[in-house]
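Respectively, the protein sequence lines represent chains Z and S.
Residue numbering for the first sequence follows the working numbering, beginning at 1 and increasing consecutively.
Residue numbering for the second sequence follows the working numbering, beginning at 110 and increasing consecutively.
Everything labelled a hint here was simulated from the structure, so no lab data went into it.
Certain hints may be false.
Derived contacts from chain S toward chain Z, CB cut-off under 7 Å, selection only [unchecked claim]:
hint, residue
1, GLY151
2, LEU152
3, PHE154
4, TYR157
5, VAL198
6, PRO211
7, GLU213
8, PHE216
9, PRO218
10, GLY219
Straight-line distance between alpha carbons at most 20 Å, and here's what the computed SDA-like set of lysine to any residue pairs gives [stated by the list, open to error]:
hint, chain 1, residue 1, chain 2, residue 2
11, Z, LYS54, Z, ARG68
12, S, LYS166, Z, ASP94
13, S, LYS124, S, THR223
14, Z, LYS54, S, TYR215
15, S, LYS120, Z, GLY41
Derived CB-CB ranges, DEER-like [as the list claims (entries may be wrong)]:
hint, chain 1, residue 1, chain 2, residue 2, range
16, Z, THR106, S, ASN161, 42 to 52 Å
17, S, GLN193, Z, GLY57, 37 to 47 Å
18, Z, GLN3, S, GLY149, 12 to 22 Å
Glycine included, each C-beta is placed from N, C-alpha and C at the ideal position.
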Amino acid sequence: GIQVEQSPPDLILQEGANSTLRCNFSDSVNNLQWFHQNPWGQLINLFYIPSGTKQNGRLSATTVATERYSLLYISSSQTTDSGVYFCAVAGVGDYKLSFGAGTTVTVRA
Amino acid sequence: GAGVSQSPSNKVTEKGKDVELRCDPISGHTALYWYRQRLGQGLEFLIYFQGNSAPDKSGLPSDRFSAERTGESVSTLTIQRTQQEDSAVYLCASSLDYAGDPYEQYFGPGTRLTVT
Numbered sequence: 001g002i003q004v005e006q007s008p009p010d011l012i013l014q015e016g017a018n019s020t021l022r023c024n025f026s027d028s029v030n031n032l033q034w035f036h037q038n039p040w041g042q043l044i045n046l047f048y049i050p051s052g053t054k055q056n057g058r059l060s061a062t063t064v065a066t067e068r069y070s071l072l073y074i075s076s077s078q079t080t081d082s083g084v085y086f087c088a089v090a091g092v093g094d095y096k097l098s099f100g101a102g103t104t105v106t107v108r109a
Numbered sequence: 110g111a112g113v114s115q116s117p118s119n120k121v122t123e124k125g126k127d128v129e130l131r132c133d134p135i136s137g138h139t140a141l142y143w144y145r146q147r148l149g150q151g152l153e154f155l156i157y158f159q160g161n162s163a164p165d166k167s168g169l170p171s172d173r174f175s176a177e178r179t180g181e182s183v184s185t186l187t188i189q190r191t192q193q194e195d196s197a198v199y200l201c202a203s204s205l206d207y208a209g210d211p212y213e214q215y216f217g218p219g220t221r222l223t224v225t
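Okay, chain Z solo, but in the shape it has when bound (with noise of 0.2 Å):
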């Protein structure tokens, strides 16, 4: 099946400061999608993305399909913003997502 890497796994950041998440994966997708996990374990949608950039408030997200990544920005974090970030795909004709290991992210005060 497909792989899925996210890096890094941990992420610790001071309130305000700025962020990348990175996603990689082995094969061509038709689907991605970013989750935001909260603590009480609410996946949370943030981006569906198989190709291109989007940008929802103080995240955005971009996909180079054809060099199989994708990147998450967080701008200007907040103690919210805590929690693992999943990225998931799926394999062309596929619907199954596949989930990477997650980045847990802490942002402190």
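Place chain S on chain Z using the hints.
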């Protein structure tokens, strides 16, 4: 509109007992998925339902696991003779699905299963 709902939110059971987990997808979503998340890990796919097509059961870890879906609505995941390694959060997701085009998946809050 309402999101994906799951029940119960928490379930503690004794080893060897059967459990049934329920998922209500977003209204109008024809595709439904079950995933499992073990402690500190990412999610792993279990099963996929799409309309009246035969489900994709390729992710079910053993024959103790089964799932059903009534039409395009409620799904139940059943685990028979539970084992301690079944302890995990079981998450359900739903999406639109037309002619195989990928659509964004939306997840429910999960059921935390603890087998003692």
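GLY219/S as an interface hint toward chain Z, with CB separation required under 7 Å: 6 Å, holds
Satisfaction of the hinted span 12 to 22 Å by the C-beta atoms belonging to GLN3/Z and GLY149/S: Between GLN3/Z and GLY149/S, where Cβ atoms are some 19 Å apart, the hint holds.
Minimum beta-carbon distance criterion (7 Å), PHE154/S to chain Z: Hint on PHE154/S: holds, closest Cβ of chain Z at ~4 Å, below 7 Å.
Distance restraint hint 37 to 47 Å, applied to the beta-carbon atoms of GLN193/S and GLY57/Z: The hinted range 37 to 47 Å holds for GLN193/S and GLY57/Z, with Cβ atoms some 42 Å apart.
Interface hint outcome for PRO218/S [beta carbon to chain Z under 7 Å]: With a closest approach of 5 Å, the PRO218/S hint holds.
Interface hint for PHE216/S, Cβ within 7 Å of any Cβ on chain Z: At 4 Å from the nearest chain Z Cβ, PHE216/S passes the 7 Å test, so the hint holds.
Whether the CB-CB distance between THR106/Z and ASN161/S falls inside 42 to 52 Å: 46 Å, holds
Status of the GLY151/S interface restraint (C-beta, 7 Å, chain Z): Result: holds, 4 Å to nearest chain Z Cβ.
Agreement of LYS120/S and GLY41/Z with the hint, judged by alpha carbon distance not exceeding 20 Å: 15 Å, holds
Residue hint GLU213/S, partner chain Z, criterion CB-CB below 7 Å: 4 Å, holds
Per-residue hint verdict: TYR157/S, partner chain Z, C-beta under 7 Å: At 6 Å from the nearest chain Z Cβ, TYR157/S passes the 7 Å test, so the hint holds.
Hinted pair LYS124/S and THR223/S, Cα distance within 20 Å: 9 Å, holds
Going down the numbered hints, you'll see the structure goes against none, and every one checks out.
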